[in-house]
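Trainee: As a plain string of letters, each chain reads:
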Amino acid sequence: MREIEYRDALNEAFDEELARDENVVLMGEEVAQYNGAYKVTKGLWDKWGDKRVVDTPISEAGFIGMGIGASMLGVRPVMELMFWSFHSVAFDQLVNNAACCRYMSGGLINVPIVIRGPANGGTNVGATHSHTPEGLFAAFPGLKVCSPATPADAKGLMKTAIRDNDPVYVMENTTLYGIKGDVPDPADGDFTIPLGKADIKREGTDISLITHGASVLRCLEAAEILQNEHGISAEVVDLRSIRPLDQDAIIESVKKTNKACLVDESKPFCGVSAQITTLIQEYAFDYLDAPIKRVCTIDAPAIYSPHVEAEQLPNAGRIVKQVLTIA
Amino acid sequence: MEVRVLSPFGEVEPNCISLAAFHRGRYVASRNTFAMETASSPNISPLDFASSPINKALSSEQKLGYYRQMVRIRRFETAAAKNYSQGNIGGFLHLYIGQESLAVGAASLMGDHDHMITAYRCHAHALAVGMGMDECMAELYGKATGCSKGKGGSMHFFAPDKNFWGGHGIVAGQTPLGLGLGYGLKYQGLAGSALCFLGDGAINQGAFHESLNIAALFGIPVVYVIENNGYSMGTSQKRSSAYKDCLAQRADSYDMDWDIVNGEDFYEVRAKTHIAMERARKESKPTVLEINTYRYYGHSVADANHKKYRSPEEIEKYKKNHDPINLWKQLLLDEGILTEESAKAIDTEAKQEAASATKFAEDSPAPTIESITEDVYWETDNNTEASKIGRHFFND
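Chains A and B, in that order, are what the protein sequence lines are.
Letter by letter, the first sequence follows residues 1 to 327 in our numbering.
Letter by letter, the second sequence follows residues 1 to 396 in our numbering.
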């Protein structure tokens with residue numbers, strides 16, 4: 001298996017899908033000639049040209065709405081939000097037009113779009129650029145949301161998202177773009193990962209750490225510490241996809257470990273972890289040996305200060321501390 | 001005086017005084033021609049748009065057909081208003097009555113690759129593109145036989161098979177979608193146009209300006225049609241929009257062609273909309289049209305104040321002197337195509353059709369509780385392999 005960066009895995013996904021389907025078009029601010037703000041689309045404009053890789057003005061409501069409209073005629077736009085934080089200026093398009101047109105037309109229309117970009121804190125860019133809206137968008141029926149943590153997942157989920165016939169919002173992560181991981185060689189065949197399928201990133205027996213996105217890596221660090229320093233065997237369940245959600249994987253893990261700590265970079269109030277909590281109490285109540293615990297981003301807008309931002313986010317230290325209250 | 005501009009496809013189309021002149025006392029000719037003051041100028045004489053090639057080519061049958069369509073729309077909405085007042089229709093009901101020439105005129109120009117999208121005042125567009133009264137009335141009634149299975153309601157009619165893409169409830173929210181329809185046409189190499197309707201109240205939304213910029217920048221074959229009925233809900237144009245001469249003029253800022261149209265003249269609506277559509281089809285360039293018109297009812301039927309922010313005399317004046325259906329009727333009478341008797345027959349037929357649609361809606365079943373979670377995801381509706389992985393709905 002070869003190792004490539006998360007950004008290159010995404011790039012490979014786009015390249016393969018551009019080749020597979022002539023209706024796929026990449027759009028966004030500086031995705032073409034500039035090669036992407038984070039170089040995720042590097043080289044694709046050179047290879048595929050103006051028609052397939054399109055620079056848009058800084059005009060999120062305009063170009064995302066345009067992509068939605070074009071998708072109704074069979075175009076399959078893959079649209080980059082330079083930061084998912086910029087969703088707020090396109091919110092009507094994202095939650096009314098993308099999510100509801102199918103429903104309001106009684107199923108006559110579908111909106112096969114992908115909207116993608118980084119959604120994370122941890123880079124000292126302040127509150128406006130650090131939103132993690134996966135729970136927010138997963139709360140809208142009609143939308144699908146996934147949040148890959150590894151290069152392989154990023155590639156496999158992106159390819160699936162592009163082929164899906166519903167709107168899929170892919171939440172990437174600027175802190176992961178440069179991280180390398182094993183990704184199957186394209187020569188070995190078409191590599192996809194289904195939406196709605198969690199992945200056990202580390203097996204364990206004493207507690208389930210249920211997580212997604214960059215927090216998966218924090219959980220793996222915490223699991224190592226818990227094992228080495230406290231003799232606690234933590235299982236790391238990477239949801240990968242928020243909606244559809246692999247409820248079975250969550251419940252099975254909790255039934256095995258009897259304890260759950262949910263680790264979620266979104267905010268605690270009505271976040272992804274709040275939804276998982278209610279599912280666990282509904283489907284695994286009798287298996288729980290302790291209250292469900294959560295480690296989320298501390299409930300305030302994202303702080304800028306490089307001195308403390310890492311502490312606002314879920315990190316290994318906070319996870320270990322929380323786990324030790326029940327394990 | 002007469003102004004003539006060369007249309008992009010070589011036809012000479014007349015440009016003349018519009019309804020704007022009547023009710024605003026000023027007139028600006030289209031871009032690159034000239035701007036001048038006032039309707040009262042003795043030099044301006046209304047031109048006969050019947051002489052436009054696109055109108056000259058019309059058969060008597062077609063002209064009668066447009067009359068029938070406008071009458072059908074009015075009768076449908078009149079019946080809908082009655083049904084609404086009787087408590088048979090939920091939510092809002094935004095009536096188009098008084099504006100019929102716009103939707104019918106534009107729809108009459110649509111070919112295979114021309115698409116239409118509009119805002120929440122969408123019944124006329126739906127009927128104009130060929131949707132049936134039954135499915136539309138049933139939708140208002142929230143019945144399973146409605147065009148959206150009772151899931152959309154008055155503001156959300158769709159018929160993709162007729163190139164009609166809604167029916168959108170958020171003011172100007174459809175303007176980027178219209179842009180996208182044009183983008184789709186261009187992407188697929190089809191010579192068509194996207195007609196995107198919006199109200200005069202929508203022109204102050206950011207999404208509209210973003211759309212205009214991209215439309216001009218990318219050369220998108222979209223025609224934005226501002227249906228200017230003078231009121232942004234209950235606020236007059238002068239109290240809601242900053243403008244110099246007219247609203248469409250804003251297109252100048254985006255280096256885009258624009259024109260203003262007298263909506264009471266069916267021939268003018270067709271002639272000028274045709275120019276814009278040809279510009280889209282042949283040059284892949286956008287246009288903003290401002291069609292002046294008037295709605296007799298309030299913003300919605302629930303708008304109890306609609307006689308307070310404007311005078312009853314004003315409403316009467318439009319009904320009496322500027323009604324697009326009456327004017328078209330008179331024209332057809334003058335042309336000898338229509339008689340009072342045949343007009344009466346068309347009206348009676350339309351009333352009967354609306355009554356029958358009401359009966360259809362009343363007799364139709366409501367959607368089932370189970371249907372609430374259908375039509376959310378294409379993949380689950382089609383029971384695909386992908387839809388079987390993971391949980392899509394969360395009802396506990």
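Keep in mind that the hints are not guaranteed to be accurate.
[Unchecked claim] Derived pair list, reagent style DSS-like, types lysine-lysine, alpha-carbon separation capped at 25 Å:
| no. | chain 1 | residue 1 | chain 2 | residue 2 |
| --- | --- | --- | --- | --- |
| 1 | B | 388 | A | 201 |
| 2 | B | 388 | A | 51 |
| 3 | A | 197 | B | 388 |
To be clear, the hints were calculated from the coordinates, so they are not data collected in a lab.
Trainee: Run every hint past the structure and note whether it holds.
Mentor: Results for each hint:
The suggested pairing of residue 388 of chain B with residue 201 of chain A holds, with an alpha-carbon distance near 23 Å, which does not exceed 25 Å. With a C-alpha separation of about 35 Å, the suggested pair residue 388 of chain B and residue 51 of chain A falls outside the 25 Å cut-off, and the hint is violated. Annotation: proposed proximity of residue 197 of chain A to residue 388 of chain B holds, straight-line Cα distance about 10 Å (limit 25 Å).
The structure is inconsistent with hint 2 alone, although it conforms to all the rest.
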